[in-house]
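Visitor: Each chain, letter by letter, is given below.
Number of protein chains: 2
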Amino acid sequence: MAETATRNQPDQTRAFAALCQLLGDRFTTAEALREQHGRGEAYHAPHLPDAVAFAESTEEVSRIVRICAEHAIPVVPFGVGTSLEGHVAAVRGGISLDLGHMSRVLAVHAEDLDVTVEAGVTRKQLNAHLRDTGLFFPIDPGADATIGGMAATRASGTNAVRYGTMRENVLGLTVVLADGRIIRTGGRARKSAAGYDLTRLFVGSEGTLGVITEITLKLYGIPEAISAAVCSFGSVDDAVRAVIQTIQAGIPVARIELLDELQMQGCIQYSKLEGYPAAPTLFYEFHGSEAGVKEQAEQAMAIAEDCGAEGFQWATRPEDRNRLWQARHDAYYAGLSLRPGAKSWVTDVCVPISALAECIHATREDVAQAGLLAPIVGHVGDGNFHLQMLVDPASPEEMAKAAALNKRLVRRAIAMGGTCTGEHGVGMGKMDSLAEEAGEAIEVMAAIKRTLDPLNILNPGKVVRV
Amino acid sequence: MAETATRNQPDQTRAFAALCQLLGDRFTTAEALREQHGRGEAYHAPHLPDAVAFAESTEEVSRIVRICAEHAIPVVPFGVGTSLEGHVAAVRGGISLDLGHMSRVLAVHAEDLDVTVEAGVTRKQLNAHLRDTGLFFPIDPGADATIGGMAATRASGTNAVRYGTMRENVLGLTVVLADGRIIRTGGRARKSAAGYDLTRLFVGSEGTLGVITEITLKLYGIPEAISAAVCSFGSVDDAVRAVIQTIQAGIPVARIELLDELQMQGCIQYSKLEGYPAAPTLFYEFHGSEAGVKEQAEQAMAIAEDCGAEGFQWATRPEDRNRLWQARHDAYYAGLSLRPGAKSWVTDVCVPISALAECIHATREDVAQAGLLAPIVGHVGDGNFHLQMLVDPASPEEMAKAAALNKRLVRRAIAMGGTCTGEHGVGMGKMDSLAEEAGEAIEVMAAIKRTLDPLNILNPGKVVRV
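These protein sequence lines map, in sequence, to chains A and C.
Residue numbers for the first sequence follow full-length UniProt numbering, so the first one is 1 and each next one is one higher.
Residue numbers for the second sequence follow full-length UniProt numbering, so the first one is 1 and each next one is one higher.
Treat the hints as calculated values from the structure; they're not laboratory data.
Accuracy of the hints is not assured; some may be wrong.
No copy is singled out in the list; a pair is fine if it fits within one copy or between any two copies.
[Stated by the list, open to error] Listed below are the simulated DSBU-like cross-link pairs for lysine-lysine, each with C-alpha atoms no more than 35 Å apart in a straight line: (1) K294 to K407; (2) K401 to K294; (3) K294 to K343; (4) K407 to K124; (5) K272 to K401; (6) K218 to K124; (7) K124 to K343; (8) K294 to K218.
Every value quoted in this text rests on a predicted model; they were computed, and no experiment measured them.
Bound conformation, chain A alone (with noise of 0.2 Å):
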């Protein structure tokens, strides 16, 4: 099996011209298209693609994929570029493959509680679609990221606590395979036993084994109560005790968000998050009727304060609830404010929640030691956190630390039982930490991969080397 695509220049030259011919004005080779598509938000250097092909239908994706297997030109599908962990970054060169015109709300089935979209459609903007319906649809990266970029990276966020992710939540997916046939995986049925789970197969592939062009999702009541609370704590340990305490509780939590003391100084200056203080934070969310919104709450306060919160602040009104929750989502800009002119370097993990205190201790330990700054916020509930190391990419000493300081936090994880992401996604960044944690199991992923994408043209270079 070839290590890379092989192709030449009058391949790549006949490619274009194909491509040029279906696609019209929607193939581009212009220098500002391809370094708008060349990387994700976080620290990865960018890769350029050749050309990018922006699509408009399932059928087209098929046909583009085919001249692209046919002249083994790399394919590396694009919804935003919001990704973390540089899914998007061509580097073997080949076209990026815009979806984000696939933008139609296909189907909305209310009285089952699905919807079936394109992959370019994004998260609000399909919750805006829903408003009228009462129903709404529950995962949520701190990104506007497309629904087809969320199901490839298996993505989560503020609710999956309660909701679960990517990976609960798709129901059934149309792709198109490596050499453009197209397959429907899974339906609309809320459980099946038959055969092969090709939907999970596929989402969280990152691109790799196929292209996610359309994904039929669960939906949700919107709940007749919510309420949002924050409190502060004297220290991140006594704020994950609270966490751990609350989980093991079993109270229904829909978010139960951890923001330490520097991630707070960000989002206090960043989002004018006034009357704050820059101490360990949790955000929660509760969800249901109205008398199980108020025990919920009962329960998870009296917790907290068990564990020393202080300084209660309820947001009841939608308003405030929305602003609460924006400045959550905007952490990560948030966070970059702190050092002006850094790069992101975002990594996560997750562990079994009762490891979590411990993780998070010995890692604000270690960025301590490594004289780095990087705030820390997570999705605690899920045994979840992410660590935002704000780095100057030009400084090669600066860039080391970070690397080791990532891999010494992976290991932590896995040690604990845990996972080296727990919804960023391998990405490039992230390979090496997959195989260490996979460990033989690497070689099935690998298999499959050579298996579905012979040619390796799929995203060549992420998730697994084949």
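Please arrange chain C on chain A, whose structure you already have, making use of the hints.
Guide: Same frame as chain A, now just chain C:
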């Protein structure tokens, strides 16, 4: 790729000698044991393995599979033999690999709500083991199946509407591959974006991609309060209407089960359910806080009354609830008792809930026209129901009628956006149905099977043709 494992008598003789040396009296060709291992619980004709091997550890499973791979001997994993689509039939001979001796609960992590077990632990054994922890494992196929078998068939049961199926509740696996290599998939983190979701690829693969030897499962706190209720309806349509409205209202029922009048008749006789009419009936269960359960029950009962329910009976004492749910779990045997001497051809489909009333209605008309006796019972909160056709396998006419009815049911479900099996799996009984449902995607399943089991020794002749 060879359609069948190629082997000859000398190969088998050598393999059996090696297995005998490895396992001693835990390797047997005794007729009685071969018979016991050659069939599940349903109508499928038995296919006896040539021998039965009892494994006691993952390492031993690995050695057994290595020997079989060397000599191209089929390996059919076996738990307790309660599957319904011929999963354990040794259609191409070889050995039945009995994992029943691997019945240790390896680690309970109560604080993380997870447990790791060997494949031969049964669901009742697990819950008995957990009794003092305040935790439970909710997935409950009617039979006391092994956790390994449940993972392999992506089992679910009455609690799936609230707690999900094995798909949602397996965190990680130890799997022996077709060449004897041992891999671990997933882990103890609640979520992960680390590479291809091998865990869910093996869950539901029915022993055709690997032998599952250890499973890490999610656990749940035993609810503070539980209540159960039973009510009957004038028609199945009315009962299904109540279910649909309950789900659409977002009431978090833990269980909502339909038994039609024929099934109730069987249960009343078989399980001595006195005081219940032989009418279409819903069984409900509610889990939560005292106040939450009361609120849920009131909402659900109001909907049921609107749909014409009558004769509400409550079961709040544990012994009454247990009696009720034991009767529900014994519905399969109760159905069988309606026609002494008959075999059960039980089939299940799952549809979007908005199509459930129409699907059940059309199916009941179809049963009446075919002149078959076939009670219906279902996990209707998921859109999943079972049709238990009581047939005389010696009557080719009856078997042909049942086969045709089954095919029409599957097509009806698929046409409604549903699936050919909600929880019983494919086995050898629904391979054509799966191919029909999957379309081109069946080729991807076959390609994965060929990659992970190139000799086609793992449960050959099941799920997908290669």
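Visitor: Check K294 against K343 for me: Cα-Cα at most 35 Å, and say if that holds within a copy, between copies, both or neither.
Guide: neither (42 Å within a copy, 53 Å between copies)
Visitor: Up to 35 Å between alpha-carbons, please classify K218 paired with K124: within, between, both or neither.
Guide: both (16 Å within a copy, 31 Å between copies)
Visitor: With identical chains, the pair K294 and K407 could be close in the same copy or across copies; at 35 Å between alpha carbons, which is it: within, between, both, or neither?
Guide: neither (42 Å within a copy, 50 Å between copies)
Visitor: Within a copy, between copies, both or neither: which one fits K407 and K124 at a CA-CA cutoff of 35 Å?
Guide: Cα proximity of K407 and K124: one copy only (34 Å, versus 42 Å across).
Visitor: Between copies, within a copy, both or neither: which fits K124 and K343 at Cα up to 35 Å?
Guide: Classified as within: same-chain Cα gap 26 Å, cross-chain 53 Å, threshold 35 Å.
Visitor: Could you figure out if K401 and K294 sit no more than 35 Å apart (CA to CA) within one copy, between two copies, both or neither?
Guide: Answer is neither; intra-copy 46 Å and inter-copy 56 Å both fail.
Visitor: Up to 35 Å between alpha-carbons, please classify K294 paired with K218: within, between, both or neither.
Guide: both (26 Å within a copy, 27 Å between copies)
Visitor: 35 Å Cα cut-off: does K272 pair with K401 within a copy, between copies, both or neither?
Guide: within (32 Å within a copy, 71 Å between copies)
Hint violations for this structure: numbers 1, 2, 3, all remaining hints satisfied.
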